[in-house]
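Work out the full structure: start from the sequences and follow the hints.
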Amino acid sequence: MDTSQLLKGVLDLAVLAVLAKADGYGYEVVRALRAAGLQDVGDASAYGTLRRLYGAGLLTSYVVPSEEGPHRKYYSLNDLGRARLAEATAQWRAFATTMDGLVGAV
Amino acid sequence: MNAGSDAGTNTVGSGGSTTAAYGEPAVERYLAGLRAALADLPPGELAEIVDDAREHLREVAAELGPGPDGAQPADLEARLGTPAAYAADLRAAAGYAPAPAVAPPPRRIRGGVALGLLVLATVVVLLAAVAVPEAAVLVGLPVALVGFLFVVRRGPRVPDVAALAPVRALRAAVPRPDAPGGRIVGFLASLQPAWWVLRGLVGAQLLVSVFGGGGGVAPVLLLALVAVPVSVWLGHLSRRDRRWLWAVVPLNALAAVLATSALTALPRPDADPSPADVDAQTYPTGLVQDGIPVRDLRPFDANGAPLTGVHLFDQDGRRIVTLDDCDDGVPPTTPPAVAYPRGTRVYDDATGRCVVQPPVPLVVTVPTSGAPSSTAPSGGPTAAPSDGPGPGTAATPAPSAGPTAGPPPTTVPPTAPTTTAPPATAPPVTAPPPG
Chain A
0 MDTSQLLKGV
10 LDLAVLAVLA
20 KADGYGYEVV
30 RALRAAGLQD
40 VGDASAYGTL
50 RRLYGAGLLT
60 SYVVPSEEGP
70 HRKYYSLNDL
80 GRARLAEATA
90 QWRAFATTMD
100 GLVGAV
Chain B
0 MNAGSDAGTN
10 TVGSGGSTTA
20 AYGEPAVERY
30 LAGLRAALAD
40 LPPGELAEIV
50 DDAREHLREV
60 AAELGPGPDG
70 AQPADLEARL
80 GTPAAYAADL
90 RAAAGYAPAP
100 AVAPPPRRIR
110 GGVALGLLVL
120 ATVVVLLAAV
130 AVPEAAVLVG
140 LPVALVGFLF
150 VVRRGPRVPD
160 VAALAPVRAL
170 RAAVPRPDAP
180 GGRIVGFLAS
190 LQPAWWVLRG
200 LVGAQLLVSV
210 FGGGGGVAPV
220 LLLALVAVPV
230 SVWLGHLSRR
240 DRRWLWAVVP
250 LNALAAVLAT
260 SALTALPRPD
270 ADPSPADVDA
280 QTYPTGLVQD
290 GIPVRDLRPF
300 DANGAPLTGV
310 HLFDQDGRRI
320 VTLDDCDDGV
330 PPTTPPAVAY
340 PRGTRVYDDA
350 TGRCVVQPPV
360 PLVVTVPTSG
370 APSSTAPSGG
380 PTAAPSDGPG
390 PGTAATPAPS
400 AGPTAGPPPT
410 TVPPTAPTTT
420 APPATAPPVT
430 APPPG
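From first to last, the protein sequence lines are chains A and B. In terms of numbering that gives the first Met the number 0, the first sequence is residues 0 to 105. In terms of numbering that gives the first Met the number 0, the second sequence is residues 0 to 434.
Errors might be hidden in some of the hints.
Distance condition first, Cα-Cα at most 20 Å in a straight line; then the derived EDC-like pairs of lysine to aspartate or glutamate [as the list claims (entries may be wrong)]: (1) A:Lys7 / A:Glu66; (2) A:Lys7 / B:Asp88; (3) A:Lys72 / B:Glu44.
Since the hints were derived computationally from the structure, they do not count as laboratory data.
Here is the structure:
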């Protein structure tokens, strides 16, 4: 099965989970997702998800100027984002349990 | 790179400072493709996306390092996919609408013809409106209508015309709201509804003058109750659907000319409103007596003998000029004689030209020196009035008899001379007077 299809449903949760650990700028989030094992995450998909979550008011952002290289826009989870993360985590657990039961039964 | 995010940050951060510079052309090329693929998004949104993507691409370029030959920038597309694919992924993840169907390429020839005809129609209307506003509409609007046929099939924003270089240059020249001068442009644009009202009034005035005659202000105002809302409606309509411009722009030109001429025709407060001003404009130049043009002057001496080569001046020393009311459309080839009598210019039906007619013989009553001038006709009754209306032949003795005879020679009433003149087309039947 194409993992990218599965990813679509959980990318929000994955990004929120990454930012819950530490603030991060776009490419940092991409690499964190990859490092966690989600190799199929497209760069543009991660950036687009960040934009959408930010637009929905779940993230705050701040720019960190760097003496060398580009300035970086950091995102951090706000209260709304943390609430959404908790909600999505609960959903995921229930869903995963259901799927485990289903898959395990076969 | 498989380490935690903190380790990754450090790696790329140090790499970015050394490799971003040579990767920059590739980054900007990629961004250009991205901009094109996302061109339908709101400008502010697009700018933010591009800023984020620039940051992203620099990170990737730094990570990739130089290309195989060491000088070429890194191959961003191999890593990230084409800009179009990047844009599609971004749209899907960010929740933007998918890219609109690719618009067919603009047909510049159609657009050019339509724009050219619109400009032509507007110029025609501008030129004709000064003379005959009604004709301006009749001539200009059909031209504009032909132009309209070239844009009618392609969308309310007339993409074929909008793609033309002059149109794009014009639109780019208008300052944006945040640019210097943008506030002025915005203020002027906010006045547009006032113009819609004004042109509605002008349209009502024009319609009344065409169909109703000059019935005063009331019918204009009554018609304006309809014309002004229609004009405002047309304004909103042409904002949404630019195809209406092919009707609105020529009509705007007409309305602008009419409004301007109406403004300049208003009486100015500093102008002298005396009737003399009006007279000077409405009456022809030259000599007029009791409203009747004086076309020649016939001097006589005290004995009733005609004089020739007489120069006449008014109380201020200005030369008295009689009225030449013959107009055949061509200026006289020879300047009129300056001494009186100088003859009259009369219209020749046969040739359609004005010809100079020599002074015809004339017999007049010269008042006796002692008598008051107002009694001039008193000498008349001595002569038989029946002799007076006779043609010029009867008058021929007069000039020769004049100097020898006494003060009242064969005289006719002063009214007679007007009837003694032969028909305008016929040459005088008698010899010209001595001169």
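Restraint check for Lys7 of chain A with Asp88 of chain B, where alpha carbons must lie at most 20 Å apart:
holds, 11 Å
**Prompt:** Under the criterion that the straight-line Cα-Cα distance not exceed 20 Å, is the pair Lys72 of chain A, Glu44 of chain B satisfied?
**Reply:** holds, 16 Å
Practice item. Starting from Lys7 of chain A, check that the Cα of Glu66 of chain A is at most 20 Å away, please. Key: violated, 36 Å
Against the hints set out earlier in the document, a violation occurs for number 1 only.
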